[in-house]
Amino acid sequence: MKFRAKITGKGCLELFIHVSCTVARLAKVCVLRVRPDSLCFSPAGFHGLREAGLWCEVRRGAFQQFRMEGVSEDLDEIHLELTAEHLSRAARSAAGACSLKLQLTHRRRPCLTVAVELASSLGRARSVVHELPVQVLPRGAWRACLPPSLRAADASIYLPRWRTLRSIVERMANVGDHVLVEANLRGRMTLSMETEVVSIKSYFKNLGNPPESAGAPPNGDLESMVQVRVDNRKLLQFLEGQQINPTVALCNIWDNSLLQLVLVQEDVSLQYFIPAL
Amino acid sequence: MAAMLKCVMSGSQVKVFGKAVQALSRISDELWLDPSKKGLALRCVNSSRSAYGCVLFSPVFFQHYQWSDLVKMSENELDTTLNLKCKLGMKSILPIFRCLNSLERNIEKCKIFTRSDKCKVVIQFFYRHGIKRTHNICFQESQPLQVIFDKNVCTNTLMIQPRLLADAIVLFTSSQEEVTLAVTPLNFCLKSSNEESMDLSNAVYSEMFVGSDEFDFFQIGMDTEITFCFKELKGILTFSEATHAPISIYFDFPGKPLALSIDDMLVEANFILATLADEPSRASSPQSLCLSQKRKRSDLIKKKAGKNVTSQALECISRKAAPRRLYPKETLTNISALENCGSPAMKRVNGDVSEVSENSVSNTEEVPGSLCLRKGKSEASLNYRLKKSLIEKSLIYGISIENS
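Chain order of the listed sequences is A and B.
Take the first sequence: its letters are residues 14 to 290, numbered as in the numbering used here.
Take the second sequence: its letters are residues 139 to 542, numbered as in the numbering used here.
No wet-lab data here; the hints were simulated from the structure.
Be aware that one or more of the hints could be misleading.
Unchecked claim - Straight-line Cα separation of at most 30 Å, DSBU-like style, residue types lysine-lysine; simulated pairs:
(1) Lys-369(B) - Lys-114(A)
(2) Lys-258(B) - Lys-175(B)
(3) Lys-41(A) - Lys-372(B)
(4) Lys-289(B) - Lys-258(B)
(5) Lys-41(A) - Lys-369(B)
Okay, chain A solo, but in the shape it has when bound (with noise of 0.2 Å):
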């Protein structure tokens, strides 16, 4: 088994950092799953859809150098689990590096190392190492390891400006646990939250629906509000530090069931799922 990969470029390092930092954050233990032409970040113990959960995918593009060996020719893929903070912590100290590199390595123990090289303000170079403790998991518990496959979401909706949703979703985590999040295919969007003594609601609308989501919707009725009831910090705790401008963000509904909200940027996806409460 072999993996190694360098990223040099500065967008695709701040990015990096920005996955490693988001997937540490909804996550304790992290599956990292290296493919042929990706990195995967998956929750550790993920047993179905009962618990919110966080999938990353870093596809090779942003690496510079990127050489990997799998198990075997027929399983091509190494999975490593680790303790998310450490990752987020090694790739925080290559804030403005100019070069980090990732090696699975043996020493004592199988280690993911963390390269990275700094340039300090005289312009000498500083050199930073991280060995990371992994376990590698074995070919038996690698299913646990895929995101789910599900059927078509029933509505389909691009989100609205981050900043706005984050701003309001944490006002609302204020006053309550829950809230409701409502989408059509019309591009309306409504967020809701009741308690005994105040109902706040906020209506989005024109925000466009992605066009692969044309399916039918339950009852076929475009106008018709898909609704799913979820855990108000889960959300909060992924729409928070979220700097980067994705190129698509949107959100799927499956109706009472489940939320899944999706971010792309270059060749970094995220992928968050939250179940109804």
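For this one, chain A is given, so just place chain B on it according to the hints.
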């Protein structure tokens, strides 16, 4: 007449003073106020005696600085001076120096006043429009500790900008207790302690290499790797934010303490940390600063005794601290001596105070790994000894830092 201290500071001086208190609070829960003709020293030592901090404010730092010792004639006609023995709890003094930025902006003057016959320290802040804030803090009578450490005989000396240290600290997780500093004449590396990463299977090992030209001063006498407790580094970083002077690091071989200091003419800060002695079978905790017993009582009776003692101690340190290979035979024997004098010395100290002052220890028991202690400032009379044992059971030696 009593030993007393009175000093006055302006707003910006209070900020530096407050930063010093904050920095020392990272080492210990207690702080000594120790005025002398050199200035006002704030001293503290941590509970495991493995880290010592001292910030000395010279008299010209203050707008007004006044202090005095109490000179007393004792029975055997020898003058003794009793200095101010003032120990404050960090919990009492730290909250007073919060919000330093707003203190700097709003106060016109700060006065600190205490006398050894009163039981409290009075800190007053004078604001505009005649507003005055007064704090009375009770202090405990306790002889301040000092540490003898001659920086000039260290084979390795570095001077760095605080930024570099701050960058390095970010790398290590707060769960890591110890870091190892490895230097060669050409480069500098700060890394996770090997002992620790072996014990915990889930710990990250990190290292940072910095080229020698990033340092303001880089003099390495011999390749060295020393390991010390990493939390205390943050203390000196806190203080470095207040001054803009670089941080100097003085160290030798493993086992000998490491000194970090900042000196900007008006204020001098010294943090002395014990380092792990170089022996594979030792437990993985830094050596306590060895509290070897010291000196005949008679030496200390004279007020000038300090000089004799110091020069002896210096001599002793320089004899043992001559540059040498990493694993000299002498070091190993010294370590075993250290082992012997480690806990027993502590026990002797904590147990019977009167016994402590009787004993004298020859120079051969001095070990390089120890911070030499000497009895400070004079205590000769029986009265004093008894009083001591009544007041405090903890260590009462005086120690001093010499910068010759």
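A quick look at each hint next to the structure:
1. Lys-369(B) - Lys-114(A): 29 Å, holds
2. Lys-258(B) - Lys-175(B): OK: Lys-258(B) and Lys-175(B) at ~22 Å, within 30 Å.
3. Lys-41(A) - Lys-372(B): Satisfied, since the Cα-Cα distance of roughly 27 Å is no more than 30 Å.
4. Lys-289(B) - Lys-258(B): Outside the cut-off at roughly 35 Å; violated.
5. Lys-41(A) - Lys-369(B): Distance of about 25 Å is within 30 Å: holds.
Consistency with the previously given hints fails for number 4 only.
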